[in-house]
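Trainee: Between the sequences and the hints, there should be enough to build the whole structure, so can you do that?
First to last, the protein sequences are chains W, P, S and X.
Count the first sequence with the working numbering and you get residues 221 to 373, in order.
Count the second sequence with the working numbering and you get residues 221 to 373, in order.
Count the third sequence with the working numbering and you get residues 221 to 373, in order.
Count the fourth sequence with the working numbering and you get residues 221 to 373, in order.
Hint data in this document are derived by calculation from the structure and do not stem from the laboratory.
You may find that some hints are simply not true.
For chains that are exact copies, the list does not tell them apart, and a pair is met inside one copy or across any two.
Think about it this way: if two alpha-carbon atoms lie no more than 20 Å apart in a straight line, the pair counts; the simulated EDC-like pairs of lysine to aspartate or glutamate are [what the hints assert, rightly or not]:
(1) LYS353 to GLU327
(2) LYS243 to GLU277
(3) LYS342 to ASP293
(4) LYS243 to ASP319
(5) LYS353 to GLU343
One letter stands for each residue in the lines below.
Number of protein chains: 4
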Amino acid sequence: MNLRSRLRIGVIGGNHPKPEFLKLAYDVGRLIGRNGAVLVCGGLGGVMEEAARGAKEAGGITIGILPGSRTSDANSYIDFALATGLGYTRNSLVAMNADVLIAVDGEYGTLSEIAFGRIYGKEVIGLGSWDIKGMTRAATAEEAVELALKRRP
Amino acid sequence: MNLRSRLRIGVIGGNHPKPEFLKLAYDVGRLIGRNGAVLVCGGLGGVMEEAARGAKEAGGITIGILPGSRTSDANSYIDFALATGLGYTRNSLVAMNADVLIAVDGEYGTLSEIAFGRIYGKEVIGLGSWDIKGMTRAATAEEAVELALKRRP
Amino acid sequence: MNLRSRLRIGVIGGNHPKPEFLKLAYDVGRLIGRNGAVLVCGGLGGVMEEAARGAKEAGGITIGILPGSRTSDANSYIDFALATGLGYTRNSLVAMNADVLIAVDGEYGTLSEIAFGRIYGKEVIGLGSWDIKGMTRAATAEEAVELALKRRP
Amino acid sequence: MNLRSRLRIGVIGGNHPKPEFLKLAYDVGRLIGRNGAVLVCGGLGGVMEEAARGAKEAGGITIGILPGSRTSDANSYIDFALATGLGYTRNSLVAMNADVLIAVDGEYGTLSEIAFGRIYGKEVIGLGSWDIKGMTRAATAEEAVELALKRRP
Chain W
221 MNLRSRLRIG VIGGNHPKPE FLKLAYDVGR LIGRNGAVLV CGGLGGVMEE
271 AARGAKEAGG ITIGILPGSR TSDANSYIDF ALATGLGYTR NSLVAMNADV
321 LIAVDGEYGT LSEIAFGRIY GKEVIGLGSW DIKGMTRAAT AEEAVELALK
371 RRP
Chain P
221 MNLRSRLRIG VIGGNHPKPE FLKLAYDVGR LIGRNGAVLV CGGLGGVMEE
271 AARGAKEAGG ITIGILPGSR TSDANSYIDF ALATGLGYTR NSLVAMNADV
321 LIAVDGEYGT LSEIAFGRIY GKEVIGLGSW DIKGMTRAAT AEEAVELALK
371 RRP
Chain S
221 MNLRSRLRIG VIGGNHPKPE FLKLAYDVGR LIGRNGAVLV CGGLGGVMEE
271 AARGAKEAGG ITIGILPGSR TSDANSYIDF ALATGLGYTR NSLVAMNADV
321 LIAVDGEYGT LSEIAFGRIY GKEVIGLGSW DIKGMTRAAT AEEAVELALK
371 RRP
Chain X
221 MNLRSRLRIG VIGGNHPKPE FLKLAYDVGR LIGRNGAVLV CGGLGGVMEE
271 AARGAKEAGG ITIGILPGSR TSDANSYIDF ALATGLGYTR NSLVAMNADV
321 LIAVDGEYGT LSEIAFGRIY GKEVIGLGSW DIKGMTRAAT AEEAVELALK
371 RRP
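Mentor: What follows is the structure in structure tokens.
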């Protein structure tokens with residue numbers, strides 16, 4: 221079960237997305253799971269929870285990197301919950317631990333993860349998210365995950 | 221010399237800005253120093269160094285929050301160098317330790333600091349920097365510092 | 221494969237233990253794996269590697285929380301490698317992410333993890349390690365893991 | 221006012237020391253201030269506050285590296301309060317930012333700072349604190365500060 225040979229796709233987005241993005245996050249997660257990639261996220265609600273739910277329902281594996289110091293804060297679709305106690309500073313670690321990132325909607329927290337993704341040289345794919353120089357845009361969940369899967373080693 | 225009653229203005233921007241921004245950073249720093257505010261920055265070169273040089277030449281006080289684990293990495297205009305050993309993750313702490321931020325030019329590192337500034341509810345003033353929703357734009361160093369000084373408690 | 225219901229046992233100890241402790245670390249890891257607990261460690265060599273090797277050979281699951289920013293630094297027995305980029309500061313996160321800790325030999329890095337374990341209210345079991353007030357002592361790998369398993373929820 | 225040429229002495233110890241250690245912490249701080257060294261501490265109460273009070277009353281300069289995300293948490297004798305939002309994980313940064321450490325009394329938090337001090341190759345002087353291999357023991361505040369001042373560059 222060594223997961224290090226699998227592509228890790230980070231899904232970033234907020235706790236309280238606009239409603240239409242919840243379905244999109246779920247679809248992104250489902251496609252990640254179906255394709256055998258590992259989902260990395262911030263472990264909480266909203267986009268993070270829906271993406272993790274999608275991944276689990278497709279038989280995937282999920283990692284949640286939490287701001288707090290208790291793994292019990294993780295949503296119920298997280299396999300590996302990692303507590304950091306770093307608060308929002310943990311956003312850097314979410315970006316660091318993904319091979320490629322998909323941003324779904326998102327506010328300033330997501331923006332910080334996009335920025336760290338680019339700092340760390342990761343491709344960042346946007347789905348109705350911030351429009352930042354150097355990001356790749358996708359129109360659908362399918363397109364976003366397809367683009368991300370190209371990063372497979 | 222208790223500095224906690226003074227306004228702390230963060231100046232964020234990269235190690236290798238476009239040349240015209242070096243003079244702007246210097247002017248921002250000088251005005252911060254002249255007005256008795258404390259300059260907070262990332263402690264390294266480029267925008268950070270020019271802003272700190274300006275602040276010191278105007279008799280100000282400067283704090284540098286460094287990515288590495290050695291205070292000797294700080295540029296020579298930093299009074300209080302704080303080593304973090306956190307790498308780029310320290311960007312969160314730069315934003316956390318300023319009452320208001322002025323972004324001068326800047327790449328993805330600066331973008332992460334803008335994002336953290338907004339996460340932490342700080343006003344972020346842009347001078348030829350990223351154009352992010354919720355930021356305030358200024359056209360000159362004078363205007364930027366004047367706007368920042370309004371945050372005085 | 222939700223691992224959050226499983227006991228997480230942290231094994232802490234250095235990269236360069238006294239040789240007799242390598243076998244002990246391996247035995248601790250093997251017993252952890254055999255008993256269905258999850259092994260949490262710092263992900264590098266020495267005690268960390270031998271414990272992870274033991275756990276994997278017994279069919280267990282291993283998590284490595286790394287000081288550097290690349291998951292490729294992990295030893296080859298780590299299933300979930302988490303990069304932090306925090307340097308030694310990551311020792312806090314190793315302690316935070318275990319329900320109970322077993323210290324095998326160890327130098328100052330291990331001592332910091334013992335201290336954080338106690339700060340976070342975790343039982344810390346020592347096997348030829350530091351003799352710190354509040355730790356539990358064990359004489360053998362069997363005894364150490366047996367004590368740790370009592371923390372099962 | 222460049223402080224980087226001055227020796228930085230970290231004073232570590234808990235929020236709730238045994239009462240006789242408050243006077244000792246105050247004396248240590250006073251001697252640090254009188255000798256022109258900079259006091260670095262965790263910025264909160266107990267040993268940290270008494271040491272900072274002593275340093276200020278002797279005309280010294282004090283830095284507090286705080287666990288929380290608000291500088292207003294600092295005790296009133298801190299000149300430079302640095303918020304980290306890292307919780308206990310900030311203990312690593314206290315040790316990193318001192319040239320030499322004096323431990324006064326102290327519980328597990330102090331133990332973690334002693335450990336990080338040794339990890340980072342700093343001399344750690346104990347005053348009624350933990351008895352850890354590699355520490356130097358002092359019997360009085362005077363002796364502790366005298367030993368620390370020898371680390372002057």
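Trainee: Decide, hint by hint, whether the structure agrees.
Mentor: Now the hints, each set against the structure:
1. In this assembly of identical chains, the alpha carbons of LYS353 and GLU327 lie at most 20 Å apart whether taken from the same copy (17 Å) or from different copies (10 Å).
2. Taking the shortest Cα distances, LYS243 and GLU277 sit within 20 Å of each other inside one copy (14 Å), while across copies they are farther apart (41 Å).
3. Taking the shortest alpha-carbon separations for LYS342 and ASP293, only the inter-copy value of 18 Å comes in at or below 20 Å, while the best intra-copy value is 27 Å.
4. Taking CA atoms no more than 20 Å apart as the test, LYS243 paired with ASP319 passes in neither setting, with 23 Å inside one copy and 35 Å between copies.
5. Taking identical chains as interchangeable, the C-alpha atoms of LYS353 and GLU343 lie at most 20 Å apart only when both belong to the same chain, with a minimum of 11 Å there against 22 Å between chains.
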